[in-house]
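Asks: The listed protein sequences correspond, in order, to chains U, H, V and G. The first sequence begins at 1 in our numbering and counts up by one. The second sequence begins at 1 in our numbering and counts up by one. The third sequence begins at 1 in our numbering and counts up by one. The fourth sequence begins at 1 in our numbering and counts up by one.
One or more hints might be untrue.
[Said to hold, decoys possible] Among chain H residues calculated to face chain V with C-beta under 8 Å, some are: (1) 55; (2) 57; (3) 119; (4) 120; (5) 124; (6) 173.
These are calculated hints, taken from the structure and not from any lab test. For each residue, glycine too, the CB sits at the ideal point set by N, CA and C.
4 protein chains.
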Amino acid sequence: MPNMQNDPLVIAGTEYQSRLLTGTGKYKDLEETRAATEAAGAEIVTIAIRRSNIGQNPNEPNLLEVLPPDRYTILPNTAGCYTAEDAVRTCKLARELLDGHNLVKLEVLGDEKTLYPDVTATLEAAETLIKDGFQVMVYTSDDPIIAKRLEEMGCVAVMPLAAPIGSGLGIQNRYNIIEIVENANVPILVDAGVGTASDAAIAMEMGCDGVLMNTAIAAAKDPVLMASAMKKAIEAGREAYRAGRVPRKRYASASSPLEGTFF
Amino acid sequence: MPNMQNDPLVIAGTEYQSRLLTGTGKYKDLEETRAATEAAGAEIVTIAIRRSNIGQNPNEPNLLEVLPPDRYTILPNTAGCYTAEDAVRTCKLARELLDGHNLVKLEVLGDEKTLYPDVTATLEAAETLIKDGFQVMVYTSDDPIIAKRLEEMGCVAVMPLAAPIGSGLGIQNRYNIIEIVENANVPILVDAGVGTASDAAIAMEMGCDGVLMNTAIAAAKDPVLMASAMKKAIEAGREAYRAGRVPRKRYASASSPLEGTFF
Amino acid sequence: MPNMQNDPLVIAGTEYQSRLLTGTGKYKDLEETRAATEAAGAEIVTIAIRRSNIGQNPNEPNLLEVLPPDRYTILPNTAGCYTAEDAVRTCKLARELLDGHNLVKLEVLGDEKTLYPDVTATLEAAETLIKDGFQVMVYTSDDPIIAKRLEEMGCVAVMPLAAPIGSGLGIQNRYNIIEIVENANVPILVDAGVGTASDAAIAMEMGCDGVLMNTAIAAAKDPVLMASAMKKAIEAGREAYRAGRVPRKRYASASSPLEGTFF
Amino acid sequence: MPNMQNDPLVIAGTEYQSRLLTGTGKYKDLEETRAATEAAGAEIVTIAIRRSNIGQNPNEPNLLEVLPPDRYTILPNTAGCYTAEDAVRTCKLARELLDGHNLVKLEVLGDEKTLYPDVTATLEAAETLIKDGFQVMVYTSDDPIIAKRLEEMGCVAVMPLAAPIGSGLGIQNRYNIIEIVENANVPILVDAGVGTASDAAIAMEMGCDGVLMNTAIAAAKDPVLMASAMKKAIEAGREAYRAGRVPRKRYASASSPLEGTFF
Numbered sequence: 001m002p003n004m005q006n007d008p009l010v011i012a013g014t015e016y017q018s019r020l021l022t023g024t025g026k027y028k029d030l031e032e033t034r035a036a037t038e039a040a041g042a043e044i045v046t047i048a049i050r051r052s053n054i055g056q057n058p059n060e061p062n063l064l065e066v067l068p069p070d071r072y073t074i075l076p077n078t079a080g081c082y083t084a085e086d087a088v089r090t091c092k093l094a095r096e097l098l099d100g101h102n103l104v105k106l107e108v109l110g111d112e113k114t115l116y117p118d119v120t121a122t123l124e125a126a127e128t129l130i131k132d133g134f135q136v137m138v139y140t141s142d143d144p145i146i147a148k149r150l151e152e153m154g155c156v157a158v159m160p161l162a163a164p165i166g167s168g169l170g171i172q173n174r175y176n177i178i179e180i181v182e183n184a185n186v187p188i189l190v191d192a193g194v195g196t197a198s199d200a201a202i203a204m205e206m207g208c209d210g211v212l213m214n215t216a217i218a219a220a221k222d223p224v225l226m227a228s229a230m231k232k233a234i235e236a237g238r239e240a241y242r243a244g245r246v247p248r249k250r251y252a253s254a255s256s257p258l259e260g261t262f263f
Numbered sequence: 001m002p003n004m005q006n007d008p009l010v011i012a013g014t015e016y017q018s019r020l021l022t023g024t025g026k027y028k029d030l031e032e033t034r035a036a037t038e039a040a041g042a043e044i045v046t047i048a049i050r051r052s053n054i055g056q057n058p059n060e061p062n063l064l065e066v067l068p069p070d071r072y073t074i075l076p077n078t079a080g081c082y083t084a085e086d087a088v089r090t091c092k093l094a095r096e097l098l099d100g101h102n103l104v105k106l107e108v109l110g111d112e113k114t115l116y117p118d119v120t121a122t123l124e125a126a127e128t129l130i131k132d133g134f135q136v137m138v139y140t141s142d143d144p145i146i147a148k149r150l151e152e153m154g155c156v157a158v159m160p161l162a163a164p165i166g167s168g169l170g171i172q173n174r175y176n177i178i179e180i181v182e183n184a185n186v187p188i189l190v191d192a193g194v195g196t197a198s199d200a201a202i203a204m205e206m207g208c209d210g211v212l213m214n215t216a217i218a219a220a221k222d223p224v225l226m227a228s229a230m231k232k233a234i235e236a237g238r239e240a241y242r243a244g245r246v247p248r249k250r251y252a253s254a255s256s257p258l259e260g261t262f263f
Numbered sequence: 001m002p003n004m005q006n007d008p009l010v011i012a013g014t015e016y017q018s019r020l021l022t023g024t025g026k027y028k029d030l031e032e033t034r035a036a037t038e039a040a041g042a043e044i045v046t047i048a049i050r051r052s053n054i055g056q057n058p059n060e061p062n063l064l065e066v067l068p069p070d071r072y073t074i075l076p077n078t079a080g081c082y083t084a085e086d087a088v089r090t091c092k093l094a095r096e097l098l099d100g101h102n103l104v105k106l107e108v109l110g111d112e113k114t115l116y117p118d119v120t121a122t123l124e125a126a127e128t129l130i131k132d133g134f135q136v137m138v139y140t141s142d143d144p145i146i147a148k149r150l151e152e153m154g155c156v157a158v159m160p161l162a163a164p165i166g167s168g169l170g171i172q173n174r175y176n177i178i179e180i181v182e183n184a185n186v187p188i189l190v191d192a193g194v195g196t197a198s199d200a201a202i203a204m205e206m207g208c209d210g211v212l213m214n215t216a217i218a219a220a221k222d223p224v225l226m227a228s229a230m231k232k233a234i235e236a237g238r239e240a241y242r243a244g245r246v247p248r249k250r251y252a253s254a255s256s257p258l259e260g261t262f263f
Numbered sequence: 001m002p003n004m005q006n007d008p009l010v011i012a013g014t015e016y017q018s019r020l021l022t023g024t025g026k027y028k029d030l031e032e033t034r035a036a037t038e039a040a041g042a043e044i045v046t047i048a049i050r051r052s053n054i055g056q057n058p059n060e061p062n063l064l065e066v067l068p069p070d071r072y073t074i075l076p077n078t079a080g081c082y083t084a085e086d087a088v089r090t091c092k093l094a095r096e097l098l099d100g101h102n103l104v105k106l107e108v109l110g111d112e113k114t115l116y117p118d119v120t121a122t123l124e125a126a127e128t129l130i131k132d133g134f135q136v137m138v139y140t141s142d143d144p145i146i147a148k149r150l151e152e153m154g155c156v157a158v159m160p161l162a163a164p165i166g167s168g169l170g171i172q173n174r175y176n177i178i179e180i181v182e183n184a185n186v187p188i189l190v191d192a193g194v195g196t197a198s199d200a201a202i203a204m205e206m207g208c209d210g211v212l213m214n215t216a217i218a219a220a221k222d223p224v225l226m227a228s229a230m231k232k233a234i235e236a237g238r239e240a241y242r243a244g245r246v247p248r249k250r251y252a253s254a255s256s257p258l259e260g261t262f263f
């Protein structure tokens, strides 16, 4: 029976069986966060340090109680940061709160409306963080030149958006994502913009190494059921990628694949 | 934990847990047919009576040895029939070979190149078969008017194509499939044209009740792994449909969903 | 300077310079009908016999006063007919009103909501009309088998829909339209569903011989300006088709065209 | 009769009637360059200073003989430059060759294979050129944050790519182009990646102010006819944009536009 067990995702030297990374915001309560994260089968969970309590407020519920660090790899992120300085400061705070934990997800946003990344500030912050010993997984646009530069700089994973954060539009530019994937020597994880299960499967079929999502699960009508759907979609897309799909042809009897003029 | 167990597919009064129906042709040998069918988790398997040995040739390997009727619902089909008469005759032969089994998949093809259905001959054959006591699952185009007529005539499931048989192009006309699904009182199963896992997930997310495929699995480089991918994709798409996806918006902060002008 | 003058559209032996056929309904008044038709450069205008006055009511404004038959080829259509009988009767009425005029546009609708064609009734009506001496241009679905049958039966032009009448969705199934075009020996005109100029250009680039539209022009905010846009779009698409577009490639430097996996 | 005359494109204070800008490379000879440019109706023509002779080699044919500066606005570009320094130097050379002409098209490429722009070097070069008195029209990615920054810096037009130079793929990310257009106070011209007439029309329908293209015309089988097609497509798309298209709906009878789930 085929399985996923010989096909780990390796980030910064650590092996993961799951290729679905999840966010922890937007759930109605911590119990829903816990249940959806479990249904997603996530091993890496990302936490917005500026918005989530992981110990900053000792008198409030701590997210780490439902997502214990001995079970999940905690990935602090810099959501809400609009400058390199803010993002760097936020990563340092996270490291302190998490006892020296170096793995972070960097995002430096360009604009409050679209939450599109500011790639020049992102490059600057990534450089500073890497020099300071962080292992940087980096949210970026789908610009293949910027993606390559972030890899060359030493980021441990590059995370291009599919579409704007929270939009649910799915991959807008397949060309760029394929270009990034083909040129990469580090994991490429699609981050942001996935809306439903097929969007996640498509990302995996294109050769992405994983997908990170939050809104698509947390804002679905039934988040826990959607988490299960996403888990299966990620595995389905990965297996389809590895299995080698049939070529697209106009007919079963056509001798050569489509040249792609219209389909 | 969410699961699929309370969400059976019901065809002609029988409940199935799996929504993935598979074909049995194009595999390299019977062992691969068996392994892929098992990995797909299929409960209904369709067999081209004109091309497969289910007892017509007692001296050759019998497909039913690897797909035993006590484990699988055998769905004889009329692949290769270009007239209503041929299709009806083939169904009768199948019934005889299968000891009175009434469930059949009707297909009457219009053309050897595209294998597109001949809808007028299909209507004619369906009428004859239903009068003769068959339970007809019917392959058709994505024409909503014809689909409705086939349902009204008494077909137990209507099976519009996604794209030409063996093309791997995925759903070409989402408008028509949605129209058919919304108007239907019998199961709508997408039949033909699926290429990869996301294509199957999309069909399910649109509200289809199931998908039948053959080439996408059998002609993949690794058919057994692709069968597993398809199983998960069907479940993922179904769960996503039930879970209620997030609306598509231009931004997380946008107050209303997209009006669909360009995305 | 390249021009369109050596590239006429020939329907039933008559040459037309324009490949844009227009409907005459939904305008705010007859003057707007006249102005938009002129801006569109249409030579063939279609008239819903059941809804437009071309002489049935001598006391009301007559559409033929603004669209005189000595300047335009009048194409009576059977909009609003849901049976073959109704459609045949309407064509006969038109012939009478127009002094023996034989060219008609047949449409037999299947459903009041979608206005999708009823292809079996369409086949029946076409046969009757052709036997009775009509030159039948026929509105149909995008089913390639039905389209071919209508041609073989003697229809002088086959007019598959792009999308439902009045939807403005553009061509939903490019595969089928290309299939119809490649197999045809009579003009293929896309009828219904065009929303904007690029939709019309795409139809022409795919090799269609012309486009018929009504809502896209008449229901635009500025119908006369949209008529001008459509005229240019049809010419642009036709010229692009004749000029031979560049192949799609991933890069300028790529040696071979895309195999069409994702673009 | 509607016309384009009251709808000029204004770049750096100069009015143009044509919204189609053309490149001058890849033609088989200067006569074809001349004929295609004329058929395109272009008023602004861009010239790769590193590849075209506009006086650098007094003994060879001079491009300006067929495209005289008293008839066309010459737009020198920095094609082939991979650093900010190279691009700046090339612009200065152009200014010298063209007697103080300040209008330039800046492009700084990131990679020889895809010819994708290097946005950080582009920002740097744009800043230098603007300080030095150039009027900069700037080729960039479709990143809305970068596009806005280039505008704020003082570029007189921002020119996002549709797809890679020479690919003929058409607009890959409509979301980003719309975002750029809606936020802009300077003309947005789509530059690179257009393949055929409908691609150009779509860009205009989305509200772009113009399109610059070279390969799509010069590498078509009949470049002069394609130039004519592109002229009409640009006008068609612009007029359709101004005319206000019909909303997309599932049926003519549907009361509200589509919410964009699948079409």
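Asks: Against each hint, give a clear statement of whether it holds in the structure.
Replies: For each hint, the structure was consulted:
1. Interface hint at residue 55/H: violated, since its Cβ lies 33 Å from the closest Cβ of chain V, which is beyond the 8 Å cut-off.
2. Because the smallest distance between the Cβ of residue 57/H and any Cβ of chain V comes to about 33 Å, over 8 Å, the interface hint for this residue is violated.
3. Nearest Cβ of chain V to the Cβ of residue 119/H: about 7 Å, under the 8 Å cut. The hint holds.
4. A least Cβ separation of about 6 Å between residue 120/H and chain V falls short of the 8 Å threshold, and the interface hint therefore holds.
5. Taken as an interface hint, residue 124/H does not check out: its beta carbon lies about 10 Å from the nearest beta carbon of chain V, beyond 8 Å.
6. Annotation: residue 173/H was flagged as interfacial toward chain V, and the flag holds, the nearest CB pair being 4 Å apart, inside 8 Å.
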